[in-house]
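Protein chains: 2
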Amino acid sequence: MSEKDMDKIVSLCKRRGFIFPSSEIYGGLASTWDYGPLGAEFKRNLKDSWWKAVVHKRDDIEGLDAAILMHPKTWKASGHVDGFTDALVDCKNCKKRFRIDHLPGEGDFKKCPECKADINLKETPPRLFNLMLKTFLGPVEDEGAVSYLRPETAQGIFVNFLNVINSRHRKLPFGIAQIGKSFRNEITPGNFTFRTREFEQMEIEYFVSPEDSQQWYEKWVQERFEWYLNLGIKKEKLRLRVHAQNELAHYAKACTDIEYLFPFGWSELEGIANRGDFDLKQHADLSAKDLTYFDQAKNKRFLPYVIEPSGGVDRAALAFLVDAYREEEVNGTIRIVLGLDKKLIPYKVAVLPLLKNRADIVEMAKKICDSLKNKTVVKYDDTAAIGKLYRRQDEIGTLYCVTVDVQSLEDNRVTVRERDSMQQERIETSILEKYLTDKLA
Amino acid sequence: MSEKDMDKIVSLCKRRGFIFPSSEIYGGLASTWDYGPLGAEFKRNLKDSWWKAVVHKRDDIEGLDAAILMHPKTWKASGHVDGFTDALVDCKNCKKRFRIDHLPGEGDFKKCPECKADINLKETPPRLFNLMLKTFLGPVEDEGAVSYLRPETAQGIFVNFLNVINSRHRKLPFGIAQIGKSFRNEITPGNFTFRTREFEQMEIEYFVSPEDSQQWYEKWVQERFEWYLNLGIKKEKLRLRVHAQNELAHYAKACTDIEYLFPFGWSELEGIANRGDFDLKQHADLSAKDLTYFDQAKNKRFLPYVIEPSGGVDRAALAFLVDAYREEEVNGTIRIVLGLDKKLIPYKVAVLPLLKNRADIVEMAKKICDSLKNKTVVKYDDTAAIGKLYRRQDEIGTLYCVTVDVQSLEDNRVTVRERDSMQQERIETSILEKYLTDKLA
Numbered sequence: 001m002s003e004k005d006m007d008k009i010v011s012l013c014k015r016r017g018f019i020f021p022s023s024e025i026y027g028g029l030a031s032t033w034d035y036g037p038l039g040a041e042f043k044r045n046l047k048d049s050w051w052k053a054v055v056h057k058r059d060d061i062e063g064l065d066a067a068i069l070m071h072p073k074t075w076k077a078s079g080h081v082d083g084f085t086d087a088l089v090d091c092k093n094c095k096k097r098f099r100i101d102h103l104p105g106e107g108d109f110k111k112c113p114e115c116k117a118d119i120n121l122k123e124t125p126p127r128l129f130n131l132m133l134k135t136f137l138g139p140v141e142d143e144g145a146v147s148y149l150r151p152e153t154a155q156g157i158f159v160n161f162l163n164v165i166n167s168r169h170r171k172l173p174f175g176i177a178q179i180g181k182s183f184r185n186e187i188t189p190g191n192f193t194f195r196t197r198e199f200e201q202m203e204i205e206y207f208v209s210p211e212d213s214q215q216w217y218e219k220w221v222q223e224r225f226e227w228y229l230n231l232g233i234k235k236e237k238l239r240l241r242v243h244a245q246n247e248l249a250h251y252a253k254a255c256t257d258i259e260y261l262f263p264f265g266w267s268e269l270e271g272i273a274n275r276g277d278f279d280l281k282q283h284a285d286l287s288a289k290d291l292t293y294f295d296q297a298k299n300k301r302f303l304p305y306v307i308e309p310s311g312g313v314d315r316a317a318l319a320f321l322v323d324a325y326r327e328e329e330v331n332g333t334i335r336i337v338l339g340l341d342k343k344l345i346p347y348k349v350a351v352l353p354l355l356k357n358r359a360d361i362v363e364m365a366k367k368i369c370d371s372l373k374n375k376t377v378v379k380y381d382d383t384a385a386i387g388k389l390y391r392r393q394d395e396i397g398t399l400y401c402v403t404v405d406v407q408s409l410e411d412n413r414v415t416v417r418e419r420d421s422m423q424q425e426r427i428e429t430s431i432l433e434k435y436l437t438d439k440l441a
Numbered sequence: 001m002s003e004k005d006m007d008k009i010v011s012l013c014k015r016r017g018f019i020f021p022s023s024e025i026y027g028g029l030a031s032t033w034d035y036g037p038l039g040a041e042f043k044r045n046l047k048d049s050w051w052k053a054v055v056h057k058r059d060d061i062e063g064l065d066a067a068i069l070m071h072p073k074t075w076k077a078s079g080h081v082d083g084f085t086d087a088l089v090d091c092k093n094c095k096k097r098f099r100i101d102h103l104p105g106e107g108d109f110k111k112c113p114e115c116k117a118d119i120n121l122k123e124t125p126p127r128l129f130n131l132m133l134k135t136f137l138g139p140v141e142d143e144g145a146v147s148y149l150r151p152e153t154a155q156g157i158f159v160n161f162l163n164v165i166n167s168r169h170r171k172l173p174f175g176i177a178q179i180g181k182s183f184r185n186e187i188t189p190g191n192f193t194f195r196t197r198e199f200e201q202m203e204i205e206y207f208v209s210p211e212d213s214q215q216w217y218e219k220w221v222q223e224r225f226e227w228y229l230n231l232g233i234k235k236e237k238l239r240l241r242v243h244a245q246n247e248l249a250h251y252a253k254a255c256t257d258i259e260y261l262f263p264f265g266w267s268e269l270e271g272i273a274n275r276g277d278f279d280l281k282q283h284a285d286l287s288a289k290d291l292t293y294f295d296q297a298k299n300k301r302f303l304p305y306v307i308e309p310s311g312g313v314d315r316a317a318l319a320f321l322v323d324a325y326r327e328e329e330v331n332g333t334i335r336i337v338l339g340l341d342k343k344l345i346p347y348k349v350a351v352l353p354l355l356k357n358r359a360d361i362v363e364m365a366k367k368i369c370d371s372l373k374n375k376t377v378v379k380y381d382d383t384a385a386i387g388k389l390y391r392r393q394d395e396i397g398t399l400y401c402v403t404v405d406v407q408s409l410e411d412n413r414v415t416v417r418e419r420d421s422m423q424q425e426r427i428e429t430s431i432l433e434k435y436l437t438d439k440l441a
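Protein chains in written order, with the numbering used here: chain V, 1 to 441; chain H, 1 to 441.
Please note: incorrect hints may appear among the correct ones.
[Stated by the list, open to error] Calculated cross-link-like contacts (lysine-lysine; reagent style PhoX-like; alpha-carbon spacing at most 25 angstroms):
| # | chain 1 | residue 1 | chain 2 | residue 2 |
| --- | --- | --- | --- | --- |
| 1 | H | K219 | H | K8 |
| 2 | H | K73 | V | K134 |
| 3 | H | K234 | H | K219 |
| 4 | H | K356 | V | K373 |
| 5 | H | K373 | V | K171 |
| 6 | H | K375 | V | K439 |
| 7 | V | K219 | H | K367 |
| 8 | H | K57 | V | K439 |
| 9 | H | K439 | V | K52 |
| 10 | H | K134 | V | K181 |
| 11 | H | K388 | H | K342 |
| 12 | V | K300 | V | K47 |
| 13 | V | K73 | V | K289 |
| 14 | V | K235 | V | K219 |
| 15 | H | K47 | V | K57 |
| 16 | H | K356 | V | K300 |
| 17 | H | K171 | H | K342 |
| 18 | H | K171 | V | K373 |
| 19 | H | K95 | V | K342 |
| 20 | V | K439 | V | K52 |
| 21 | V | K122 | V | K96 |
| 22 | H | K219 | V | K134 |
| 23 | V | K73 | H | K234 |
| 24 | H | K111 | H | K122 |
| 25 | V | K237 | V | K343 |
| 26 | H | K57 | H | K300 |
| 27 | H | K171 | V | K356 |
| 28 | V | K375 | H | K375 |
| 29 | H | K375 | H | K289 |
| 30 | H | K8 | V | K366 |
| 31 | V | K388 | H | K439 |
| 32 | V | K57 | H | K171 |
| 33 | H | K171 | V | K367 |
| 34 | V | K73 | V | K92 |
| 35 | H | K253 | V | K181 |
| 36 | H | K95 | H | K73 |
| 37 | V | K343 | H | K434 |
| 38 | H | K434 | V | K57 |
Everything labelled a hint here was simulated from the structure, so no lab data went into it.
Kindly produce the complete structure, drawing on both the sequences and the hints.
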């Protein structure tokens with residue numbers, strides 16, 4: 001899939017109701033996106049698949065859903081107040097502000113990318129700009145009321161470390177998993193939903209004994225890599241990139257990114273890091289709370305190390321969409337198919353009446369649709385002729401189309417069409433539910 | 001349940017991992033709460049129940065997941081920039097700020113509730129304070145960069161009205177449903193999770209022909225009332241309160257609240273309003289986009305009316321928790337039970353080894369637990385003796401406890417204990433999965 005093909009994804013997302021530009025009737029809000037009817041279902045399925053895999057299927061991980069607003073000291077401890085910054089330079093001529101690493105020019109002499117005026121860094125030195133979104137809580141807008149929208153969900157986990165240990169009687173190793181919105185005032189967002197100021201994360205903090213940390217780190221790199229493969233991402237489009245020593249944060253012991261080959265190049269979906277005891281230590285220091293763990297078997301008290309698999313929900317969603325998109329020639333026309341895994345598709349089944357002006361056919365189709373609703377996500381659709389409906393369902397990834405026709409009224413059989421093969425089978429309505437649930441299991 | 005009993009709910013929530021004070025190690029952040037492992041599961045189930053009922057089980061509603069950040073003109077159109085305000089008064093003596101309706105005193109002469117100084121409203125007149133949380137997008141913190149955290153999810157639906165109609169080929173009547181976070185800078189938050197600055201909403205905007213609006217309004221009041229009852233809320237604790245004419249916003253045709261009898265009194269869980277064409281008209285005016293709908297059957301173009309069932313997720317969660325909490329005397333001790341509906345309970349089944357130092361029992365218990373994980377949400381627990389484990393599972397609402405004992409190793413039968421009756425049955429492991437899934441269906 002080429003760079004150009006990214007436009008096809010954006011277009012499909014708009015046309016079929018996956019992703020719309022936010023506040024579009026007002027000209028949009030830069031790099032902010034709304035998930036439409038199909039996108040909302042798809043993203044729910046993606047998050048559910050993660051939650052089931054990491055929280056429900058395991059006995060060593062607890063879920064959490066912490067607030068976006070947190071005590072400002074959290075961000076002091078985490079290092080975000082002091083260190084989560086970009087160096088920005090003002091152009092004296094046009095008054096615009098730029099990231100210093102985006103300015104053309106040499107040494108201290110740069111040129112404004114907007115108005116082309118000269119920028120002398122000795123005259124207008126770069127200033128550090130914090131990337132956290134700021135707000136004010138309470139009735140007075142002053143420094144004391146400043147609060148931040150979390151730039152990562154991880155800290156909600158660290159500040160609840162004791163609460164989870166105590167309420168859930170946990171022993172090492174164990175993890176805490178969370179899905180939620182985070183905000184960063186990115187100066188250069190872009191590439192559709194890949195980099196946005198508002199985004200959703202799925203993060204695990206997995207607490208271990210220091211001596212076990214390398215082993216758990218390696219285990220989690222594998223676990224997370226396989227999660228993407230198990231949901232159908234093409235293996236040749238997915239790779240691991242181990243961070244070099246000079247790329248690592250000063251406290252990090254190791255870090256590996258899971259990258260996907262987007263039309264705009266290899267880009268990070270998720271990072272798995274061995275963060276040592278940095279986070280718990282920082283919070284213990286600033287809060288003056290004892291966050292150590294007592295290991296009864298070893299009769300030893302210590303700060304656990306943490307392995308952090310941190311993924312972006314929107315990035316994963318975009319990767320799965322790009323990966324699943326395909327065009328095929330069928331009888332001289334192009335068929336677009338969203339070949340998503342059955343766990344991720346918005347609608348598992350569509351029920352279509354062959355003739356929407358035949359009351360008896362419509363009634364039978366709606367009855368079948370209703371009877372399937374207890375078992376799977378199924379939608380009735382009569383908004384076009386059957387050929388068009390099939391193509392629309394292909395574009396949104398629906399795995400099975402059930403069509404009711406005149407013959408169905410007589411023989412109680414319906415046509416079941418499979419998305420990828422386009423094979424059609426006549427199935428008796430009495431066994432339809434079992435037929436479909438077996439296929440979808 | 002009395003006012004005093006609210007403390008028991010708060011205590012249980014902390015003790016068992018449902019709800020923690022946010023950033024607690026830093027002394028907390030006023031009226032901000034984190035959902036712990038049990039709360040995260042419970043809230044997920046609550047939201048899923050709503051989503052399934054309004055989006056999956058119906059063919060007339062589409063889902064949506066719009067961004068929290070929206071174009072500022074949205075809030076101009078909705079009336080929030082100009083009208084979403086509290087009148088606040090400053091005390092000249094102690095410099096604190098208060099809502100005017102919270103000041104004791106007569107006419108223009110009030111007294112500061114904090115320092116008891118006199119406040120003369122002629123000298124310090126009240127000023128309007130907007131309740132939207134403000135932030136700045138982009139690298140410059142000036143008026144042009146001001147953005148708001150949405151104070152309601154509803155507007156994300158209205159600005160996407162055309163996108164949904166066009167991508168989903170919708171005809172009236174149809175609705176758009178959304179679950180998501182909203183923020184309000186409440187001056188007096190309180191009552192645990194009932195009124196908080198960050199909260200989650202579940203809102204439907206249901207678009208209808210003006211002449212059908214009263215009928216749909218009545219239908220939705222019933223639908224939504226029954227949703228709470230179907231999930232097990234006690235009927236005598238739930239009531240409808242029809243708004244008097246003088247309570248209605250100027251554009252509203254009618255409004256009914258669904259109220260629950262909390263320990264702190266009857267309070268609103270959800271409002272169902274007939275908002276006329278106010279919202280679409282405002283957005284059409286400010287965006288200069290045509291938001292009218294053409295009714296082919298009637299050959300008529302008009303702005304649809306909207307019926308809005310708007311509920312609070314955190315309020316519903318609190319109501320279900322309060323409603324389900326009960327204490328019973330069992331053999332002279334108090335048993336606490338969270339009698340939540342099976343759809344809402346965090347864990348459906350717990351698997352417990354009678355003796356956790358018997359490797360063969362533990363192995364069998366873990367094997368049973370793993371085998372059930374594909375079918376339901378099940379947790380292995382060996383963190384205490386069996387009596388204590390039963391009581392803990394009762395407190396978090398787990399419907400079935402499966403206990404593996406010495407006898408199980410020989411006869412392949414396990415003890416299944418039901419939460420409410422405490423009845424125990426010996427069940428063969430070969431039919432255990434079917435036994436439990438039938439009960440939980």
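Hint-by-hint comparison with the structure:
1. Simply put, H/K219 and H/K8 have alpha-carbon atoms about 37 angstroms apart, too far for the 25 angstroms limit, and the pair is violated.
2. Taken as a hint, the H/K73 and V/K134 pair is honoured in the structure, with Cα atoms around 20 angstroms apart against an allowance of 25 angstroms.
3. In summary, the hint linking H/K234 to H/K219 is supported, as the alpha carbons are separated by about 21 angstroms, within the 25 angstroms threshold.
4. In summary, the hint linking H/K356 to V/K373 is not supported, as the alpha carbons are separated by about 42 angstroms, beyond the 25 angstroms threshold.
5. For the suggested pair H/K373 and V/K171, the alpha carbons sit about 22 angstroms apart, so the restraint of at most 25 angstroms is met.
6. For the suggested pair H/K375 and V/K439, the alpha carbons sit about 16 angstroms apart, so the restraint of at most 25 angstroms is met.
7. For the suggested pair V/K219 and H/K367, the alpha carbons sit about 22 angstroms apart, so the restraint of at most 25 angstroms is met.
8. With a CA separation close to 21 angstroms, the supplied pair H/K57 and V/K439 stays within the 25 angstroms bound.
9. About 22 angstroms separates the Cα atoms of H/K439 and V/K52, which keeps this hinted pair within 25 angstroms; it holds.
10. With a C-alpha separation of about 17 angstroms, the suggested pairing of H/K134 with V/K181 holds against the 25 angstroms cut-off.
11. A C-alpha spacing of about 22 angstroms is found between H/K388 and H/K342, which places the hinted pair at or below 25 angstroms, so the restraint holds.
12. Distance hint between V/K300 and V/K47 is unfulfilled; the C-alpha atoms sit about 37 angstroms from each other, more than 25 angstroms.
13. Only pairs whose Cα atoms come within 25 angstroms are accepted, and V/K73 paired with V/K289 is accepted, the gap being roughly 13 angstroms.
14. Proximity of V/K235 to V/K219 is assessed by CA-CA distance (about 19 angstroms); at most 25 angstroms being required, the pair is judged to hold.
15. The straight-line distance between the Cα atoms of H/K47 and V/K57 is roughly 21 angstroms, inside the 25 angstroms bound, and the hint therefore holds.
16. Restraint check for H/K356 and V/K300: the C-alpha separation of about 23 angstroms stays at or below 25 angstroms, so the hint holds.
17. Straight-line distance between C-alpha atoms of H/K171 and H/K342 comes to about 36 angstroms, which puts the hinted pair past the 25 angstroms bound.
18. About 22 angstroms separates the Cα atoms of H/K171 and V/K373, which keeps this hinted pair within 25 angstroms; it holds.
19. A distance of roughly 60 angstroms separates the Cα atoms of H/K95 and V/K342; the hinted pair therefore is violated under the 25 angstroms criterion.
20. A hinted pair counts as satisfied when its Cα atoms are at most 25 angstroms apart, and V/K439 with V/K52 qualifies at roughly 20 angstroms.
21. Taking the CA atoms of V/K122 and V/K96, the gap is about 17 angstroms. The hint holds against a cut of 25 angstroms.
22. Distance hint between H/K219 and V/K134 is unfulfilled; the C-alpha atoms sit about 42 angstroms from each other, more than 25 angstroms.
23. At most 25 angstroms may separate the alpha-carbon atoms for a hinted pair to count; V/K73 and H/K234 exceed this at roughly 42 angstroms.
24. Proximity of H/K111 to H/K122 is assessed by CA-CA distance (about 13 angstroms); at most 25 angstroms being required, the pair is judged to hold.
25. Only pairs whose Cα atoms come within 25 angstroms are accepted, and V/K237 paired with V/K343 is accepted, the gap being roughly 20 angstroms.
26. About 30 angstroms separates the Cα atoms of H/K57 and H/K300, which puts this hinted pair outside 25 angstroms; it is violated.
27. A threshold of 25 angstroms between alpha carbons decides the hint, and for H/K171 with V/K356 the separation of about 15 angstroms falls inside it, so the pair holds.
28. Distance hint between V/K375 and H/K375 is fulfilled; the C-alpha atoms sit about 13 angstroms from each other, no more than 25 angstroms.
29. Among the hinted pairs, H/K375 with H/K289 is inconsistent with the structure: their alpha-carbon atoms are about 49 angstroms apart, more than 25 angstroms.
30. For the suggested pair H/K8 and V/K366, the alpha carbons sit about 48 angstroms apart, so the restraint of at most 25 angstroms is broken.
31. The hinted pair formed by V/K388 and H/K439 fails the criterion: a straight-line CA distance of about 43 angstroms is larger than 25 angstroms.
32. Our distance criterion of 25 angstroms between C-alpha atoms is broken by V/K57 and H/K171, whose separation comes to about 42 angstroms.
33. A hinted pair counts as satisfied when its Cα atoms are at most 25 angstroms apart, and H/K171 with V/K367 qualifies at roughly 21 angstroms.
34. This hinted pair does not check out: V/K73 and V/K92 have alpha carbons roughly 35 angstroms apart, beyond 25 angstroms.
35. At roughly 36 angstroms between alpha-carbon atoms, H/K253 and V/K181 are farther apart than 25 angstroms, so this suggested pair is violated.
36. Straight-line distance between C-alpha atoms of H/K95 and H/K73 comes to about 33 angstroms, which puts the hinted pair past the 25 angstroms bound.
37. Taking the CA atoms of V/K343 and H/K434, the gap is near 23 angstroms; set against the 25 angstroms cutoff, the hint holds.
38. Under the criterion of a C-alpha separation no larger than 25 angstroms, the hint pairing H/K434 with V/K57 is consistent with the structure, at around 19 angstroms.
Against the hints set out earlier in the document, violations occur for numbers 1, 4, 12, 17, 19, 22, 23, 26, 29, 30, 31, 32, 34, 35 and 36.
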